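**Student:** Residue numbering for the sequence shown follows numbering that gives the first Met the number 0, starting at 0 and increasing by one per position.
Hints are computed from structural coordinates only; laboratory data are not their basis. Treat the hints loosely; a few may be bogus.
Unchecked claim - Computed Cβ-Cβ distance ranges for the label pairs, DEER-style:
(1) Val67 to Asp37: 28 to 36 Å
(2) Val16 to Ile66: 17 to 25 Å
(3) Gly69 to Glu10: 29 to 37 Å
(4) Cys71 to Val24: 19 to 27 Å
(5) Glu70 to Glu3: 30 to 38 Å
(6) Asp37 to Lys60: 32 to 40 Å
(7) Gly69 to Glu3: 32 to 40 Å
Keep in mind it's a predicted model, so treat the numbers as computed, not measured. Glycine is no exception: its CB is placed at the ideal position from the N, C-alpha and C atoms.
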Amino acid sequence: MAEEHDEHMQEVFEQMVREILPSTVITNFVMIAEVVSDDGTDLSLTVSSNITPWLAMGMLKSAEEMIVTGECKFPN
Numbered sequence: 000m001a002e003e004h005d006e007h008m009q010e011v012f013e014q015m016v017r018e019i020l021p022s023t024v025i026t027n028f029v030m031i032a033e034v035v036s037d038d039g040t041d042l043s044l045t046v047s048s049n050i051t052p053w054l055a056m057g058m059l060k061s062a063e064e065m066i067v068t069g070e071c072k073f074p075n
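Please put together the full structure from these sequences, using the hints given.
**Tutor:** Take a look at the structure:
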């Protein structure tokens, strides 16, 4: 069940990216989402199929630095 959910989330994410960035090639991704259900709130992590653990960690570390330095702008 969890594997089917992860595959579905990956398909949804890929479609969303295609719509937002139609002329961009995405080679790897890490998606983190807060998911609320009847069972409570969970953290969902989805990664591209060919990503390596070291690349995922590097992307997360870079994203953390972007948030801390203010490079990433949050909606008001």
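**Student:** Could you tell me which of the hints above the structure violates, numbers in ascending order?
**Tutor:** none
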